[in-house]
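Visitor: Sequence:
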Amino acid sequence: MILDYLPEINNFGEKLVRLYDFDSKQALEFARALKKVVIDDLQVLDLATLPFIDRKNCNLLLRLSYEDEGVRTNNEQTFYCDLTLDSYVKMLALIHPFCTKETRSHQYLYDIDTPIDFLFSPLGTWEMEI
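Residue 107 in the numbering used here sits at position 107 of the sequence shown; the count goes up by one each step and never skips.
There's no promise every hint is true.
Stated by the list, open to error - Below, in silico cross-link-like pairs of lysine-lysine (BS3-like), each with a Cα-Cα straight-line distance of 27 Å or less:
{"no.": "1", "residue 1": "LYS25", "residue 2": "LYS101"}
{"no.": "2", "residue 1": "LYS56", "residue 2": "LYS36"}
{"no.": "3", "residue 1": "LYS90", "residue 2": "LYS25"}
{"no.": "4", "residue 1": "LYS36", "residue 2": "LYS25"}
{"no.": "5", "residue 1": "LYS35", "residue 2": "LYS90"}
Claimed, not checked - What follows is a list of derived Cβ distance ranges for each label pair:
{"no.": "6", "residue 1": "GLU8", "residue 2": "THR78", "range": "15 to 21 Å"}
{"no.": "7", "residue 1": "HIS96", "residue 2": "LEU61", "range": "21 to 27 Å"}
{"no.": "8", "residue 1": "THR125", "residue 2": "ASN57", "range": "15 to 21 Å"}
{"no.": "9", "residue 1": "ASN11", "residue 2": "VAL44", "range": "30 to 36 Å"}
{"no.": "10", "residue 1": "THR114", "residue 2": "ASN11", "range": "15 to 21 Å"}
{"no.": "11", "residue 1": "ILE112", "residue 2": "ASN74", "range": "15 to 21 Å"}
{"no.": "12", "residue 1": "PRO115", "residue 2": "ARG55", "range": "29 to 35 Å"}
{"no.": "13", "residue 1": "SER65", "residue 2": "ASP23", "range": "26 to 32 Å"}
Read the hints as simulated data drawn from the structure, not as lab findings. Note that beta-carbon positions come from the ideal geometry of N, C-alpha and C, so glycine has one too.
Based on the sequences and whatever the hints tell you, model everything.
Guide: Next comes the structure, spelled out in structure tokens:
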């Protein structure tokens, strides 16, 4: 599984943090870490601590927040995903289909109007293939 940051994915200046290049086993490992650390233990999940994630040009920390703010950064190297507990529970549900079978689809992990999206995509793609 690879974590990276794409600073410009289109002409609108949209940005993307993505987890990609994974199989169902790695998706399940990520889901288990998310559930244990963030949802059950109410702690920060630093993706740099997960041995199955290869970081290309950034790091991401998943943190609990009183409101949904999405992914943010001050330096485009360290990113913080600040969401409520309910939103992390929803994120876990969005990840679940990737844990049970191999797929070519992708999923945005929250639906918040922010400058940086968070993508979960085995192939790394974020657009629908025609």
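Visitor: Hints first: check each against the structure and report whether it holds.
Guide: Right, here's what the structure says about each hint:
1. LYS25 - LYS101: holds (9 Å)
2. LYS56 - LYS36: OK: LYS56 and LYS36 at ~25 Å, within 27 Å.
3. LYS90 - LYS25: holds (20 Å)
4. LYS36 - LYS25: holds (17 Å)
5. LYS35 - LYS90: Distance ~11 Å between LYS35 and LYS90 Cα, so the pair holds.
6. GLU8 - THR78: 15 to 21 Å: Given about 19 Å between the Cβ atoms, the range holds.
7. HIS96 - LEU61: 21 to 27 Å: holds (22 Å)
8. THR125 - ASN57: 15 to 21 Å: With a Cβ separation near 18 Å, THR125 and ASN57 satisfy 15 to 21 Å, so the hint holds.
9. ASN11 - VAL44: 30 to 36 Å: holds (35 Å)
10. THR114 - ASN11: 15 to 21 Å: holds (18 Å)
11. ILE112 - ASN74: 15 to 21 Å: Once the Cβ atoms are compared, 19 Å apart, the range 15 to 21 Å for ASN74 and ILE112 holds.
12. PRO115 - ARG55: 29 to 35 Å: violated (21 Å)
13. SER65 - ASP23: 26 to 32 Å: holds (30 Å)
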